[in-house]
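Make a model of the complete structure from these sequences and hints.
Protein sequence lines correspond, in order, to chains A and B.
Position 165 (the first sequence) corresponds to 1506 in the working numbering; numbering is contiguous.
Position 28 (the second sequence) corresponds to 35 in the working numbering; numbering is contiguous.
These are calculated hints, taken from the structure and not from any lab test.
Check before you lean on any hint, since a few could be wrong.
Residues on chain A that point at chain B, a partial pick, calculated with CB under 8 Å [what the hints assert, rightly or not]:
hint, residue
1, I1434
2, G1592
3, W1594
4, T1608
Just the calculated beta-carbon pair ranges, DEER-fashion [to be verified]:
hint, chain 1, residue 1, chain 2, residue 2, range
5, A, G1464, B, I39, 11 to 21 Å
6, A, K1535, B, N16, 47 to 57 Å
7, A, N1385, B, R26, 27 to 37 Å
8, A, A1359, B, N44, 41 to 51 Å
9, B, L19, A, P1630, 19 to 29 Å
10, B, N16, A, Q1607, 20 to 30 Å
11, A, S1610, B, P35, 24 to 34 Å
12, B, I39, A, L1548, 38 to 48 Å
13, B, H46, A, S1610, 15 to 25 Å
Some residues of chain B that are not near chain A, with every Cβ distance over 12 Å (derived) [to be verified]:
hint, residue
14, T17
15, Q42
16, L43
17, P45
18, H46
Note that CB positions come from ideal geometry on N, CA and C, so glycine has one too.
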Amino acid sequence: MSCVAPEKISVRAQSRPALARERARVARELLADCRFCAHDCGVNRLAGETGLCHATADARFFLAQTEVSDELELIPTFAVALSGCDLRCDFCITGASSWNPRAGLGFDVATMAKRAEAALNQGATTIMLLGGEPTIHLPAALEFVSRLPDSAKLIWKTNAHGSTQARELLDGMFDVWLADFKFGNDVCAQRLAKVSDYVRVVQENLLWANDHSELIVRHLLMPGHVECCWRPVAEWLAENLPEVKVNLRSGFWPAWKAARHAELRQTVSDLETRRAGEIAGEFGLNLIP
Amino acid sequence: MKKRANELNTELLILPDGRILVQNLTQPMAEILRQLNPHDKQIAPRVSPRQASPLTHQKS
Ligand code: SF4
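Structure below.
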C-alpha cells in the first residue's frame, strides 16, 4: 500500500491581510523590547535604542524590482530588499546596505504594495521580501503583507536566525520560506559572520519553517568551505529534512570584506563545485535549480 | 553613484576565464546576456522563466 504525504494545510480564521494587520500592530509594540532575532537584545527600538542590527523602528529598502535570478519555480519575482541585518557576514554581496539599516530609502508600505501589485499584473509570479534580513523589520514586513492580495504568493527570504517570537508572528504570512543555511559549524559562523550558536538556531528555524510553510533551503558554496560547511549542512538536511528542496549555489563572489579571510579572496573552483555536487548526491539531496 | 528608487540594477562579475557571475538579474539584462551568448543553457530559463536550469550567481 502506498501512502501519500498530506499537503501542508494552513488554516486561517481571517484573511491573511487582516491577520497581518493585527500581527503588525503587535510586532510594533514588541519593538519596545526587541527580541525578533536570536541575538535577543531586549532594547527599546521605539525609544531610539538599537541592538546588534543597529536598526531603529523605521524600515528602509535598498532595492525593489522584478528579478529572475532566484529559484526557477519562484521567478519572475518582485523582490524587495530591506536595509540592515542581524548578521555580519564579511562576504555579503550587499554588505554596504545589509550592514547599514539607514541605507536606501524610506519603506512606505502603501507605495511598495502598489508597486508589487503592478509587478504581479505585469508578469511577476511571486513577491519576495528579503534584506539584509527582513526579520529585523517585522512590523514593516507585516504591514506590507497586510496591503497585498490574499492570493499573492509571498516568499520570506531569510537568514533563518529569527526568534520563536518572530516565527509566531510570521506563522501563516508567507507561502514559502527561502532560508539560508550558510555555515556547517559554529566556528566558521563566528569567524565569518560574528554570530554564536548559529547552527542550533538555524536548524530550529528550518524545522519550524518546514512544518509551517513550504521550505527551500539555500547554501552558498564558499571557497575552502566545502568539507567544513557544505558537508555537515548536507548531512543534517539528509537526516532531518530529507525531502526538502535545496538550492546549492556555486557563484560565490568575493565581495565586501571577504578579503579579510584568505580563502574568500577567490571564487569557488570547478573542483570544489564538482565535489559539492558529489556530496549532494552522496546524501540524496533534492537539489533544485 | 546615487541610485534612484525605480531604477533596475543588475551587477555582473566577469571572471578571467570568461565566466560571468550575476547578481540581481532582471529580465532585460537576462535578454542581453542571452544575445551575447545564445548557446548558454543557463541563461535561457531566466529569459523565459520556468523552462530549464540555473545561472551561476549568488545572493546571500
Ligand atoms: S532584531 Fe535582533 S539584533 Fe536587532 S535589536 Fe532586535 S534582537 Fe537585536
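We went through each hint and held it up to the structure:
Checking A:I1434 against chain B: minimum C-beta separation of about 6 Å stays under 8 Å; hint holds. Satisfaction of the interface hint for A:G1592 is found here, the shortest Cβ-Cβ separation to chain B being roughly 4 Å, below the 8 Å cut-off. Hint status for A:W1594 relative to chain B: holds, with the closest Cβ pair at about 5 Å, below 8 Å. The interface hint given for A:T1608 holds, since its Cβ lies 6 Å from the closest Cβ of chain B, which is under the 8 Å cut-off.
Between A:G1464 and B:I39, the C-beta spacing of about 18 Å keeps the proposed range 11 to 21 Å intact. Checked against the hint of 47 to 57 Å, the C-beta distance between A:K1535 and B:N16 comes to roughly 27 Å, which is inconsistent with it. Between A:N1385 and B:R26, the C-beta spacing of about 48 Å breaks the proposed range 27 to 37 Å. In this structure, A:A1359 and B:N44 meet the distance hint of 41 to 51 Å, their C-beta atoms being roughly 48 Å apart.
The supplied range of 19 to 29 Å is met by B:L19 and A:P1630, whose beta-carbon atoms lie about 20 Å from each other. A C-beta distance of roughly 25 Å is found between B:N16 and A:Q1607, which places it inside the suggested range of 20 to 30 Å. The hint said 24 to 34 Å for the Cβ distance between A:S1610 and B:P35, and at roughly 31 Å that hint holds. Between B:I39 and A:L1548 the CB atoms are about 41 Å apart, so this pair conforms to the stated range of 38 to 48 Å.
Here the CB-CB span from B:H46 to A:S1610 is close to 24 Å, well matched to the stated 15 to 25 Å. With a least CB separation of 8 Å from chain A, B:T17 falls inside the 12 Å interface cut-off, contrary to its annotation. The beta carbon of B:Q42 sits about 15 Å from the closest Cβ of chain A, which is more than 12 Å, so the claim that it is off the interface holds. Listed as a non-interface residue, B:L43 keeps its Cβ farther than 12 Å from every Cβ of chain A; the least gap is roughly 16 Å.
Every C-beta of chain A lies more than 12 Å from that of B:P45, the closest at about 17 Å, which supports listing it as non-interface. At roughly 18 Å from the closest C-beta of chain A, the C-beta of B:H46 stays outside 12 Å, upholding its exclusion from the interface.
Taken one by one, the earlier hints fail for this structure at numbers 6, 7, 14, listed in ascending order.
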